[in-house]
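Engineer: These protein sequences, in sequence, are chains A and B.
So that you can map any letter, position 75 of the first sequence is 75 in this note's numbering, and since no number is skipped, the others follow by simple counting.
So that you can map any letter, position 10 of the second sequence is 1010 in this note's numbering, and since no number is skipped, the others follow by simple counting.
Please keep in mind that the hints were generated in silico from the structure rather than gathered at the bench.
Honestly, I wouldn't trust all of these hints.
[Said to hold, decoys possible] A partial selection of chain B residues facing chain A, derived with a Cβ cut-off under 10 Å:
id	residue
1	S1015
2	G1018
3	G1028
4	V1029
5	V1030
6	T1049
7	A1053
[Unchecked claim] To give an idea of the chain B side of the interface with chain A (calculated C-beta under 7 Å), a few residues:
id	residue
8	F1003
9	A1011
10	P1014
11	F1020
12	G1050
13	M1051
14	K1055
All C-beta atoms, glycine included, are put in the ideal place defined by N, C-alpha and C.
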Amino acid sequence: MAIAKAEIRTLIPHAGLMCLLDSVLKWDDESIVCASETHRDPANPLRRDGRLSALHAFEYGAQAAAVHGGLRARSAGVATLPYYLAALRDAHLQVIRLDDIDLPLEVRAQRLFGDGGNAIYECHIAAGNAPLADGRITVMLRT
Amino acid sequence: MSFEICRAIRADHPSLAGHFPGAPTVPGVVILDEVVAALAEWRKDSQLTGMRAVKFVLPLKPEQPFTICLMAKGAKTEVDFCCRVDGRMVVEGRLEIRCDKI
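Kindly generate the complete structure, drawing on both the sequences and the hints.
Structural biologist: Structural data, given as structure tokens:
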């Protein structure tokens, strides 16, 4: 069953409009699939001069990884800890901007390795069948 | 060839209220947006196509002035960058660009 935004807010520290993901469609121990329509929101706080650059896809990816860390921590019965985006590798952009994309974003993150603390996720951001961005994201615990 | 410019993210940037409540920290992607804007000032015909590697070394606070340095390497499709605060590295990485110059 999908996890809605109110529950996502309990899993990551991102608040208000900076909580970018709308729902978790499915997840297991290795991966997570999220959906969002906030890329079209004129109030999206990452817009610059009214446009949402495609590079912000990696913030969506990092938040999906952070939500995944939060869900895994919760299911293991341990405290959810705040993660931050520590590194990006082999990141590719297929588009220039996200705000003109009509379809909802699908944000997939697959845990390549890492457990509890630092983790590396392979992320794919797409709309319908069209890939928008992909890359490897390292998230680290905020100390 | 290199290009250098000084920037700061204002305390009223809309991302900061939720990132994070009571502990505003400039999101890494907002810094990258500034780097890409600097690239557009330096090379108006270039387009970001990817990032080979980006490392966020230290957090950046609102209003903290930082220097963006862009450095062209051998390949015309790659630009190295670094962002520093008082000489200390905050973010560094390598951008992949496309030049649409006709």
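Engineer: Now tell me, hint by hint, if it's right for this structure.
Structural biologist: Here is what the structure says about each hint:
With 10 Å as the threshold, the beta carbon of S1015(B) comes within range of chain A, its nearest partner Cβ sitting at about 4 Å, so the hint holds. For G1018(B), the interface hint holds, the least distance from its beta-carbon to any beta-carbon of chain A being 3 Å, beneath 10 Å. For G1028(B), the suggested interface contact is upheld, since its CB lies about 5 Å from the closest CB of chain A, less than 10 Å. Hint status for V1029(B): holds, given a least beta-carbon distance of 4 Å to chain A, under 10 Å.
Because the closest C-beta pair between V1030(B) and chain A is about 7 Å apart, less than 10 Å, the hint holds. Using the Cβ-Cβ criterion of 10 Å, the hint placing T1049(B) at the interface with chain A is satisfied: the shortest such distance is roughly 6 Å. A distance limit of 10 Å between C-beta atoms decides the matter here; for A1053(B) the minimum to chain A is near 5 Å, and the interface restraint holds. Nearest Cβ of chain A to the Cβ of F1003(B): about 19 Å, over the 7 Å cut. The hint is violated.
Proximity of A1011(B) to chain A is violated relative to the hint, the smallest CB-CB distance being about 14 Å (cut-off 7 Å). Contact between P1014(B) and chain A, as hinted, is supported at the beta carbon level, the nearest pair being about 4 Å apart and thus within 7 Å. Interface hint status for F1020(B): upheld, as the beta-carbon distance to the closest one in chain A is roughly 5 Å, under 7 Å. Given the 7 Å rule on beta carbons, the hint for G1050(B) holds: about 4 Å separates it from the nearest Cβ of chain A.
Contact between M1051(B) and chain A, as hinted, is supported at the beta carbon level, the nearest pair being about 4 Å apart and thus within 7 Å. Annotation: K1055(B) was flagged as interfacial toward chain A, and the flag holds, the nearest CB pair being 5 Å apart, inside 7 Å.
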